[in-house]
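K.L.:
Residues per chain are reported as follows:
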Amino acid sequence: MFRYRLGYPAAALAALLCLAAAACSAPGSSSSSVAGGGSTPSGPIKIAVVDAQSGSASDLGQFEYRGVKLAVDQANAAGGVDGRKITLSLFDDQGDPTVGTELARKIASQGDIAMLGTAESAVTLAMAPILASEHIPNITSGQSTKLLELNSPYLFLNGPTGLTYDSTLAKYLVQKKGYKKIALLTNNDSYGAGEHDAFLSALKTLGITPVADKVVPQDQTNMTPALNAIRGANPQVLFIGAEEAQSGLTVKQARALGLNAVIAEGAPAGTPLYLSTAGTANAEGTIVSSPYLGNDVSDASKKFAADYTEAYGSAPELHGAKAYDGAQVMIAALKACHACTGLALANAIRAVHYDGLLGSFSYNKQGVGIFATSIGIIRNGKIEPVS
Amino acid sequence: MQSFFQTLVSGLSFGAVYALVALGFSLVYRTMGLVNFAHGAVLMIGAYVASTFYLSARLPFAVAVPAAMTVTGVVGLLIERVLRPLENKDFDLMLIGTIGAGTVLEAAAIVIWTSAGRGVPSPVRTAPLTVGGVRIPPYDLLVIGITAVAMVALALFLQRTKPGTAMQAVAMDHEAATAAGIHVGRSNAIAFGIGAGLAALAGALAGPMLYVSPTMGDSLGIQGFAAAVLGGFGSIPGAIAGGLGIGVIGAFAAQSFQGYSDLVTFVVFTVLVMIRPTGIFGEKTVNRA
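Note that the protein sequences, when read in sequence, are chains X and R.
The opening residue of the first sequence carries number 1 in the numbering used here; numbering runs sequentially from there.
The opening residue of the second sequence carries number 1001 in the numbering used here; numbering runs sequentially from there.
Only chain R is shown next, with the shape it has when bound in the complex:
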């Protein structure tokens, strides 16, 4: 029983990071109908910026993370601005453009920070809590808590603020939204910027759990993408459910299947998606018909 709960706790911790990644994917898809393949690379940039603020500039972690989200949010705005001309001309090219943007970001990270990665010490130095023989690192609890706050904050933003409501309107019908005086380009830019900020938050929180390197966005991006699909692409609660689901499935697969855990995780994912192709909460996106 101890083994079951220990595995569950580790799965939820990593799942929280995947959920943050999935939130960023889902936000952009929900408002623009675009799968942003640069999202993993943006996460990596956020992790590097946060670790630079924390380790080199010696800012407190609680300051380094929002600072990194701001800087990386600007990167997201730049990507959207560069790709915006393609949006109404050839949407497929815009999607391919995000792949190119990801490659550029990875190369830029190697130029700026070199290809040698860095370990980030945990900002929470207290000993793990022990509950019924299950050890829970306090930092993991922090990550889960921040993920929950991020989900609530995003949901409130979309439902209770003017820019958020405008994004919802653009997602429903961008021509009608334009007719109502909403600047679609600006709305999409905000979506990209917030998505990049969420990616940076995921990267910054993942740094102390993992290892910051130019390729860290690859596997986290894939896990987050799978989480978004599993939960329902474009769904905010779906991103959380999908992220935690992928994390827990991966943890139990690692326990039982060792070197084949990745294979098993994605076989289970494939079966679940075949049973429910639109994900747990259903797909939510702009109508581009």
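Bound-form chain X, shown alone:
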């Protein structure tokens, strides 16, 4: 009985001591990382790469990691940053925002000074507040405008926002090509919902109301019922807001249904995955809004493609190119501030001016560095810039 009575007060005291310890120190914080006064002058520079390595988004994660690794390998081969090598720690977020938040805490505790990734806006949105509280700058491949609403000084995009992709596309379709009957088919994940809202907003600005607007679940494989309803509206253009494989399936099923509208889409349509899923004949004439129209549009993209192919045995695409540019921006910032950390590194990223594969990077207060995309059209399985 005596031991039983002593147990509860001891447990309560232990709990109080734990709470006090937690309140007194924020995990991972230190004056040097907040002020960014400078990093330890020796040892490797640790950067985390977070992307899906399993699950439905794992192909994007693989492209991204390869792009980052190529940039880092090239930088290390050239001497690193102030003689220090960059080491990458790869984490699998499984495309799951909850897993992402766990990884954000893990990154902070393991001493990574910056993060590259993720490819999914939903995961990046979940991780951003934790990374900001840990003063870890993050360059992401996400493109949702919701990322900008966080107003985080530590968050940067390695490409244009979804609004840029879609407003450029809408202007081309309506003002340049004169299309008026436009239908939408988007999925309901964070990317598809973002595309839906951005493209709809862009059409409204141009005075166009869609003739059909259908939403499918993100893992839907049978789009025929939705496409059949769209076919009844007889659109001139079908805008698709979905990931690469689902977009390709949509186009394949649309053509099988006799729906011959022009297909228009953002970045996913500019990837080999879209082409292989849709089929070359079905993808013919697809109008693509993308900042990276192909591996042979410039000398820089040709060199990048050659280096990537030599390293990995397959040609790169948009996601690899975005991740490569993001890594190059990070490396440039590290060199400029002599491997600083925290807010100093974030400010150094914002000060970077870099001519990359996607265009000229110059970051604004919201962390966006690129403000334009290009329009291409798929001909014989290749994307050509429109004149």
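Worth flagging that the hints you see were computed from the coordinates, not collected in a lab.
Please read all numbers here as calculations on a predicted model, not as lab measurements.
C-beta atoms are modelled at their ideal positions from N, C-alpha and C, and glycine is treated no differently.
One should not assume that every hint holds.
What the hints assert, rightly or not - The calculated label-pair distances, taken between Cβ atoms and stated as ranges, are:
(1) Asp219/X to Ala1062/R: 25 to 35 Å
(2) Lys1089/R to Gly83/X: 58 to 68 Å
(3) Phe1005/R to Lys177/X: 27 to 37 Å
(4) Pro385/X to Ile1275/R: 54 to 64 Å
(5) Phe1091/R to Lys106/X: 32 to 42 Å
(6) Ala300/X to Ala1062/R: 41 to 51 Å
(7) Thr309/X to Gln1002/R: 40 to 50 Å
(8) Ile1099/R to Ser201/X: 54 to 64 Å
Take the given structure of chain X and dock chain R to it, following the hints.
P.N.:
This is chain R only, laid out in the frame that chain X set:
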């Protein structure tokens, strides 16, 4: 009316794939009383092997598919052999073991083929048939036809062949079957192997309709499992009815409920199962009491 029949046709096409998946689930459950949670992953392996034979080795599709079924059938035999020691010791552990086997297969697929998926062109290049304004891709008709043949072939195997009859005997009473000289382990291995072959057939046929990736078995496995439950777990005709049912319900749900179609499909499924818990044709399995 055109819209109704177009939706019905698309539902039957996908339903045929679900039916093949359900056949594999039902065969193993019928003979062993085991729900094989590796079935979706085995389907994925079959899809990858078939697409490798078809795209890389450039075999005709009609050769690539049976070759993939053979290779994947061996994978099924290996899974059964690894898990066999658990069967008479702790059956629940054997069931959990199938979950582990599925995880191993998915990781192995990423190592072998990387996580980048692949599109598979349709082996039937002719234009869709048009009947009363309804467009029917010829490949979809092929999938439905092969599913029907697979069902008949399986039923004949179970009823007219010695190994099939032995499997039925093991399912009824494995102790009596042993006493009659039937090797229960070998019989179960055949069930696993055929189940894996059916999964591979489903995966190989689904490849040109969908997209081959390491996670393709997840959603197809769930749809096939639901189909098997709806039709009556362990019932061969039930697997067909359940598969086609899930496919058609899903198609009409997609037509009317768009982004909520998955939710509606499984609400309808839940209601049907609550009305008839053993499925349309009733549950058929080994007595493990």
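K.L.:
Hint by hint, note whether the structure agrees.
P.N.:
Right, here's what the structure says about each hint:
In this structure, Asp219/X and Ala1062/R meet the distance hint of 25 to 35 Å, their C-beta atoms being roughly 30 Å apart. At about 60 Å, the CB distance of Lys1089/R to Gly83/X agrees with the hint of 58 to 68 Å. Distance hint check: the CB atoms of Phe1005/R and Lys177/X are about 34 Å apart, consistent with the given range 27 to 37 Å. Between Pro385/X and Ile1275/R the C-beta distance comes to about 59 Å, which sits within the given range of 54 to 64 Å.
Checked against the given bound of 32 to 42 Å, the beta carbons of Phe1091/R and Lys106/X, roughly 37 Å apart, stay inside it. A beta carbon spacing of about 46 Å between Ala300/X and Ala1062/R agrees with the range 41 to 51 Å that was offered as a hint. Distance hint check for Thr309/X and Gln1002/R: the Cβ-Cβ separation is about 48 Å, which falls inside the suggested range of 40 to 50 Å. The given range of 54 to 64 Å is broken by Ile1099/R and Ser201/X, whose C-beta atoms sit roughly 44 Å from each other.
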